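Q: Following the hints, complete the assembly by docking chains X, Z, G, F and S onto the known chain H.
Residue numbers (UniProt numbering), protein chains in the order written: chain H, 1 to 290; chain X, 1 to 290; chain Z, 1 to 290; chain G, 1 to 290; chain F, 1 to 290; chain S, 1 to 290.
Simulated from the structure, these hints should not be mistaken for laboratory data. Bear in mind the structure is a predicted one, so any value in this text is a computation, not a measurement.
Identical copies look the same in the list; a pair holds intra-copy or inter-copy alike.
Cut-off 35 Å, straight-line C-alpha distance, at most; resulting in silico cross-link-like pairs (DSBU-like, lysine-lysine):
{"id": "1", "residue 1": "Lys140", "residue 2": "Lys120"}
{"id": "2", "residue 1": "Lys167", "residue 2": "Lys120"}
{"id": "3", "residue 1": "Lys79", "residue 2": "Lys140"}
{"id": "4", "residue 1": "Lys100", "residue 2": "Lys120"}
{"id": "5", "residue 1": "Lys232", "residue 2": "Lys140"}
{"id": "6", "residue 1": "Lys100", "residue 2": "Lys140"}
{"id": "7", "residue 1": "Lys220", "residue 2": "Lys232"}
{"id": "8", "residue 1": "Lys79", "residue 2": "Lys120"}
{"id": "9", "residue 1": "Lys218", "residue 2": "Lys232"}
There are 6 protein chains.
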Amino acid sequence: MISHAPNPDLLAKAETLAEALPYMQRYAGQTFVVKYGGHAMGDAEAATDFAEDIVLLKAVGINPIVVHGGGPQIGAMLKAQGIESRFVDGLRVTDAATMKTAEMVLSGAINKEIVSWITKAGGRAVGISGKDGRLVTVSKVLHPTDDLGFVGEPDDIDIRVLDTISKAGMIPVVAPIGVGPDGETYNINADTMAGALAIATGAERLFLLTDVAGVLDKAKNLLSDLTPSQIKMLREDGTITGGMIPKLETCIDAVEGGVDAAVVLDGRVPHAMLIEIFTRQGAGTLVRQG
Amino acid sequence: MISHAPNPDLLAKAETLAEALPYMQRYAGQTFVVKYGGHAMGDAEAATDFAEDIVLLKAVGINPIVVHGGGPQIGAMLKAQGIESRFVDGLRVTDAATMKTAEMVLSGAINKEIVSWITKAGGRAVGISGKDGRLVTVSKVLHPTDDLGFVGEPDDIDIRVLDTISKAGMIPVVAPIGVGPDGETYNINADTMAGALAIATGAERLFLLTDVAGVLDKAKNLLSDLTPSQIKMLREDGTITGGMIPKLETCIDAVEGGVDAAVVLDGRVPHAMLIEIFTRQGAGTLVRQG
Amino acid sequence: MISHAPNPDLLAKAETLAEALPYMQRYAGQTFVVKYGGHAMGDAEAATDFAEDIVLLKAVGINPIVVHGGGPQIGAMLKAQGIESRFVDGLRVTDAATMKTAEMVLSGAINKEIVSWITKAGGRAVGISGKDGRLVTVSKVLHPTDDLGFVGEPDDIDIRVLDTISKAGMIPVVAPIGVGPDGETYNINADTMAGALAIATGAERLFLLTDVAGVLDKAKNLLSDLTPSQIKMLREDGTITGGMIPKLETCIDAVEGGVDAAVVLDGRVPHAMLIEIFTRQGAGTLVRQG
Amino acid sequence: MISHAPNPDLLAKAETLAEALPYMQRYAGQTFVVKYGGHAMGDAEAATDFAEDIVLLKAVGINPIVVHGGGPQIGAMLKAQGIESRFVDGLRVTDAATMKTAEMVLSGAINKEIVSWITKAGGRAVGISGKDGRLVTVSKVLHPTDDLGFVGEPDDIDIRVLDTISKAGMIPVVAPIGVGPDGETYNINADTMAGALAIATGAERLFLLTDVAGVLDKAKNLLSDLTPSQIKMLREDGTITGGMIPKLETCIDAVEGGVDAAVVLDGRVPHAMLIEIFTRQGAGTLVRQG
Amino acid sequence: MISHAPNPDLLAKAETLAEALPYMQRYAGQTFVVKYGGHAMGDAEAATDFAEDIVLLKAVGINPIVVHGGGPQIGAMLKAQGIESRFVDGLRVTDAATMKTAEMVLSGAINKEIVSWITKAGGRAVGISGKDGRLVTVSKVLHPTDDLGFVGEPDDIDIRVLDTISKAGMIPVVAPIGVGPDGETYNINADTMAGALAIATGAERLFLLTDVAGVLDKAKNLLSDLTPSQIKMLREDGTITGGMIPKLETCIDAVEGGVDAAVVLDGRVPHAMLIEIFTRQGAGTLVRQG
Amino acid sequence: MISHAPNPDLLAKAETLAEALPYMQRYAGQTFVVKYGGHAMGDAEAATDFAEDIVLLKAVGINPIVVHGGGPQIGAMLKAQGIESRFVDGLRVTDAATMKTAEMVLSGAINKEIVSWITKAGGRAVGISGKDGRLVTVSKVLHPTDDLGFVGEPDDIDIRVLDTISKAGMIPVVAPIGVGPDGETYNINADTMAGALAIATGAERLFLLTDVAGVLDKAKNLLSDLTPSQIKMLREDGTITGGMIPKLETCIDAVEGGVDAAVVLDGRVPHAMLIEIFTRQGAGTLVRQG
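With the rest of the complex left out, here is chain H (with noise of 0.2 Å):
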């Protein structure tokens, strides 16, 4: 005899449902900017995932923006083409010729794979640089010693081609390249384009997707929430170090910037982005003004 007893896994399902009701009515018709990072590209499951994580985001009203790098990539090429990479600080010397390489790389390679990607996932993506639209106006990186060629700032940001292109039900996916002040070709720091972008946006959210979880504190636990004061302590004491330094100075930048909130996400975490913006739970490390 058949009872109205709930199946707990269907009724579970419906509770996860349920849960993300208030999350998705808090965000509906608001941008997120999501950058996805160039070392995680190489598991399909994983970029399954993301793609419908995004796809998702769009479904339920908000107006997801993704920027992508592509480090390991265009160093592959690079390598392939017997061009040698010199980095100064941690960033690519960038001549014209790596340039040239980059761009290839980054527009032609990458970011028309996060489209298919997306496609495969039910959405509908348009893939474009800093250069369509007039997106990026950048100005060149100065560097106290060395010149690194085509390495670029935002300088000026038009968001109409963002606007027009998410207005039109689809997603925006942005390589990180932008137009110098004589109309040459600028490489720029992925994580920097992406909060460049959600300032400009008015983004409610920008969100850094990387490769290992989150901020740690010393006991190696996962710091969940961080203000722009604590992180400065956290550096001063030691805590913070690394790579993990330039980004949460974009995350800083992000939420100075008008940026409601940016978080620091495992990439490598299935829907880790789901989990962060529709369960009670969270994940990784969140920067909000104190």
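A: The following block gives chains X, Z, G, F and S in isolation, referenced to the frame of chain H:
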């Protein structure tokens, strides 16, 4: 040491959201008419769950329209007023005094209570009856031997008021009352009202929430999909009996009137609608053209 | 032989329409809030006249919003149910049972009856209460010595549902009920509700229909125009007394809240609103900033 | 002591407005083309009444289009210039010099005078001719024995300029002039022009204001309703003669071209249009399909 | 054998179009007010060129507004009617009879002739005067010693009718006539009218087409750019004299009223406006804030 | 002394603009698809001219869509990478590695270079491929004897992304790449892609820019107009040979698919498109239905 091995509970939640994505995409912009039964209204927790489900449908871009009944509450109020209830073939004989009480209970108590639940769940509901905005004009139900009084059937439906409310981001909640040819007030069977609104609005789905577990075969197993011709056979062989017969006739009328599918759902199962709409398993008995 | 000498009756009709023209032009696109009293509701002919007036306002481009009371009808229903009515300073003490009955009478009987009249007059009305679309949130009215129960004052008004209905060519009819801070149902004085909606919608006119002939001086002549300071003097010298005092306070609140003028009108005079609005003579007592 | 017994005059005014309501509802959003005759233009009071009528139509949501003639004024100006007028079958033979004078009188004097009246009555009129916005292209009227010169018939009508003006809340006033196939200026009979614009705009009503009391039977009683076939019979039995014949032909063309009804009205009766449109009695002779 | 060596003529054409591009981009969506003089109207070829220029402005996204004069034609018509012309300080004394003739010539002859030219050039023009749509209200020009009659200055400008016509893809052609405080008709100097419309519409450019070659220095060389203070000096040293003085005052008023630049152009040069607007060389004398 | 005799150069410029007017009017609001060839890309001056032409089309209200090839650049890059190119019947056999390189060159180098040129010319371009916004779905090109690899033909085109970009005032630049049935990346012949987009967008014109002087007869004279049946005859008699055959087949497909005309143009002639579009002489060979 922390690993990026996912927390299984969080992962399950994320997978549920991802599983729901294709259904969100499929149903975005469509209308779902939901009949919410009078029997289910005594229970505050069930009412809260129901309201959350309705608000979640709205949040993901579906336009829900709620139609409610109120038989038990009308009976109780009539009894309290010392007015005797008389039924013919399961239909309440509705004289002028009974109609007046029925309207007060339906439009003045139940309708506004559902509005309150939806408000608490974060939605914005507008409670109306078939009188408002000239929504439903009825003709009197004729009975071979008795005069049923002010019992009507929808004759003409003008959906403008529903469209206006839905397009403004609000949720219509409709009491099963209509206007007769000379302006009198008529009671309408709530299932019939829901079916008629589903046809008139070109709804994708009609849900009839009830307090039984869908249609069962003789071994008491749930029949999850039925066509009109299968229903005809099951009636002939005695599998379908009693109150399920008019419910399924409403379903058949709806799908023959252009509704994609009509579902008889167990309203006692928490979040039954979410399970039916957003998971692969579904719930209840779905009626669709073969 | 026929002459083109005008038929005097037809000529008078034509001149009336021509006389109305400048008022139509002046009021086009503006909002008029009309409080329709419970006392006036027993008379079908008066109700028909009232509904025609409201529909005519809509036809010439004004947006009328009807607010109704229902004191006598609530009293009668409570009496029929054997619930005793208790008043403190003219305010009904409203316990939970009383509130339930009051809501049924207001939202389930009177509200829908006004909708029916307007429908018969050719309009398209939508009957709601302050609960619908989160229209009115109240705070509890505090009394120095007694607990009045569920008696509230409008605290926060969200006019979106009114705008939606009006812009769709329909006429909102509003029962004087609101939602308390914890979601409970509260009764509101209908004059107070009308005044609050007039302020919130930026109405050009507030009409309070009553069953006396406006404000009279001591010689029983109608005072057709008053300023708030004149009203103050007339209260002090005892000209204005009794139930007219809170009505005029509502008028003063309205004009101080931005309503251009508030009018106390004799609802027993057929088509009093049309005379007031569309003729040079006017009717009733108009309150305006000096 | 004051009573609420209504002042009979005010009551009559209110009833007139109420009587007009169903007509306002019926005609809202529709187009009325009104031919205003040259004979009626000498009288400032009549002109003021006419302008008020037109503005009132606009105020209640009707889109009036005024077409005017100007035969007497053209004749007077030609006489003043010493240009001789010649007529063939009632049509003015229009050589180039005559056409130039006719256009100055029609577009430069009468047209702008009507604009001024409507402005004084509170409306916003835009005076154009069939040349403006490419409104009317004509073909030359061919006569069996004579060359009538620049006398044309509407051949092609592009209503965009009328729509533009009407939708902006303004009232088009149109001089009966069109453009010939080679760009020359042509005169058009004003009744014919009005009928052609009524058909092209899908007007609900065509009014031909004249200086006789509609169509009379042989006993000089007004015939208030006629069908095209009745008109045919009345012509055959000699009841309809003279200048009324082409007017009724214009009416028949209009109703056969889709205009709901065409009315020949006595323009000398003050506010004749308001009586015809907004009262039960009507005025003039209405032509409609049987 | 064919070569891909470009045909020099075709190449020059292509380069002209390419040269025009930045000006098209700069002026897209802006308003240009063009005063077209009465002197220039006798010549069909010049009129055709002018109309083509205006239609080309519209085609590339500029909103042209044409204002015309008509002094010589008014004088000729008055003479033909035996009405004597009297001038005070270059302004025609305008009694009622003169005004009536002036309006017929301006609104009934010249205005519609310009509409015809634009129509032939493929545009869609609407000829109005300052009376239409309540465009221009004037105050009477007061003269220290004489009564100039119906000579007015723009006092209040309501641009709604211009906006309506321009946004519908049509070109307004405006006769220099306005309405006085009591509804009388007033003549306005056409340059003054053009300047006032330029200020009221927020125009980017005011063009005054005349029959001299711009402002010349004492050596008869064209002065192509002037500031208001330079003009003041040139008046003081006697370089600027006669009819050029009021023209330049109109230009100064316009640029001080927010118009970006005002240009005095030789209307006898074919396509002078195109040269001024779309080439690097320009033409005429441009007045702009220093 | 200055005369108003026109400067002949300026006059010629003005006449060129006036000559262009009827073409601007005719083509306003229409879509032109322009195939820009890979061969023409080495020359910065030619590229600048081309970009100016495209931006001028946009400025006068035409919606240009640019499709580019890239055969020579792909060949060069493959050679640099040591990947051997193999051709069958003129089609490059495209294995996975070749496709990856081709996409990087097309989407990552050429596409963005064209975007940069248009940006410099004052336009706002958005560079996409057939992958973006699900623009082009392909089926694999089947060859009787060989497997060509990832070479596809457009099967289904969803123009929403093109419409979105064009309506936002931007210019789509499209790389000839599509998505296969299983989501793989396919190369498409650029002429074929341009023709397919022209049909799908209902384009008025398809331009195929090439590096020969249109279609020549046997005496090497340019054939400026051809019908499909004339082309058939010229193929049969050997006048049309080689690479011109598939180009003309694309033209025939386009005009048979509803494109008004297709033009083979010599891309080496400066501003060839402007000459073809905006002058009476035209340029190249125009194919249109007879």
